[in-house]
Amino acid sequence: MGETITAERADAVFGALADATRRDILSRAMGGDLGISELAEHYPMSFAAVQKHVAVLEGAGLVRKRADGRRRVVTTDMDGLRNASVVLDHYEELWRGRIDRMHELLDEDGLPSPDTDTPDQEDRT
Amino acid sequence: MSAVDISKDLENATLVVSSEFAAAPERIWRLWADPRQLERWWGPEPYAATVVDHDLRPGGHVSYYMTGPEGDQHKGFWRVLEVEPPARLVFEDGFADDAGEPNDDLPVSRAEVAIASVDGGRTRMTITSTYGTTAELEQVLAMGMEEGIRAAVGQIDALLAED
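Line order of the protein sequences matches chains H and Y. First residue of the first sequence: 1, per our numbering; consecutive thereafter. First residue of the second sequence: 1, per our numbering; consecutive thereafter.
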């Protein structure tokens with residue numbers, strides 16, 4: 001697997017996409033020339049609230065912001081969005097680790113348990 | 001590394017993980033049904049899992065937290081849907097807030113565990129995990145691109161019509 005994704009990044013992407021407004025912002029910003037104030041006109045919330053949603057998307061690597069004069073322009077990062085689909089790879093690693101630990105745990109079944117199976121002759125006297 | 005069969009279905013955001021164990025199905029079931037066993041394999045390294053509640057009945061809840069190397073804690077929960085010892089377990093797994101209450105704003109995945117004996121006293125366990133939000137992600141991708149292209153084409157048409 002060439003691509004890897006950290007658990008932190010997967011969580012950030014998931015968290016960013018879990019909100020309907022943010023998913024809508026992503027769709028609108030694919031055109032690449034929308035200022036935050038123009039975006040804000042589409043939602044029944046304050047400019048500051050929209051700004052906050054954009055910041056979450058930016059933190060997850062799903063949009064980029066740039067200044068165009070006095071406007072703050074938001075563009076969806078298509079590469080970021082494509083990379084996000086490798087989240088399944090992250091879960092694959094998670095489950096491989098879990099299965100490994102299960103096997104290790106079962107391997108212990110054959111070994112004497114230190115606290116119950118150790119015969120202690122001294123106590124019998 | 002132990003032998004694990006993996007298949008991924010990105011379109012349906014589903015991951016199937018399967019492995020064979022040299023033990024009886026009842027022993028494999030105990031990995032899930034005994035909270036002390038569960039916490040020894042659930043947490044991804046370097047996180048250590050601690051199971052708080054463990055009610056493995058349909059409608060029951062399992063709650064846990066994972067402790068990171070810096071003492072950071074992350075809470076999670078299971079909503080138990082189906083329980084058929086030692087053959088089948090279905091549950092939803094999600095994040096919980098600081099108070100331990102399920103947070104459905106964050107992604108919730110669904111896991112189906114199938115445990116079946118195979119030849120030679122061995123057992124095969126197959127886990128099918130579905131991650132709804134990856135499906136949402138793919139949907140966003142597909143929808144956004146389609147709409148974006150359609151909108152762009154529409155704008156060009158409108159511009160040409162003005163001429």
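Read the hints as simulated data drawn from the structure, not as lab findings. If you're wondering where the values come from, they're calculated on a predicted model, not measured in any experiment. Keep in mind that the hints are not guaranteed to be accurate.
Stated by the list, open to error - Quick list of simulated restraints, FRET-style, between CB atoms: (1) H/Pro-44 with Y/Pro-44: 36 to 44 Å; (2) H/Thr-75 with Y/Asp-104: 44 to 52 Å; (3) H/Glu-41 with Y/Val-4: 12 to 20 Å; (4) Y/Thr-67 with H/His-42: 40 to 48 Å; (5) H/His-42 with Y/Pro-46: 36 to 44 Å; (6) H/Thr-75 with Y/Ala-24: 55 to 63 Å; (7) H/Gln-51 with Y/Glu-84: 27 to 35 Å; (8) Y/Gly-121 with H/Pro-112: 16 to 24 Å.
Stated by the list, open to error - List time: in silico EDC-like cross-link candidates among lysine to aspartate or glutamate, alpha-carbon distance up to 20 Å: (9) Y/Lys-8 with H/Glu-92; (10) Y/Lys-75 with Y/Asp-93; (11) Y/Lys-8 with H/Asp-89.
Glycine is no exception: its CB is placed at the ideal position from the N, C-alpha and C atoms.
Pair hint Y/Lys-75 and Y/Asp-93, alpha-carbon separation not exceeding 20 Å: The hint holds at about 11 Å.
Distance restraint evaluation - H/Gln-51, Y/Glu-84, Cβ atoms, bounds 27 to 35 Å: violated, 50 Å
Between the beta carbons of H/His-42 and Y/Pro-46, is the distance compatible with 36 to 44 Å? holds, 43 Å
For the hint 12 to 20 Å, verify it against the beta carbon of H/Glu-41 and that of Y/Val-4. violated, 51 Å
Y/Lys-8 paired with H/Glu-92 [C-alpha distance capped at 20 Å]: Between Y/Lys-8 and H/Glu-92 the Cα gap is close to 8 Å, so the pair holds against 20 Å.
Satisfaction of the hinted span 16 to 24 Å by the C-beta atoms belonging to Y/Gly-121 and H/Pro-112: The hint (16 to 24 Å, Cβ to Cβ) holds, given that Y/Gly-121 and H/Pro-112 are roughly 22 Å apart.
Confirm or reject the claim that Y/Thr-67 and H/His-42 have a C-beta distance inside 40 to 48 Å. Check passed, 42 Å falls within 40 to 48 Å.
Hinted pair, alpha-carbon criterion (20 Å max): Y/Lys-8, H/Asp-89. Please report holds or violated. holds, 9 Å
Quick one: are H/Thr-75 and Y/Asp-104 within 44 to 52 Å, going by C-beta? violated, 30 Å
Cβ separation of H/Pro-44 and Y/Pro-44, checked against the hinted range 36 to 44 Å: holds, 39 Å
In this structure, is the beta-carbon distance linking H/Thr-75 and Y/Ala-24 contained in 55 to 63 Å? holds, 57 Å
The structure fails to meet hints 2, 3, 7 from the earlier list, while all remaining hints are met.
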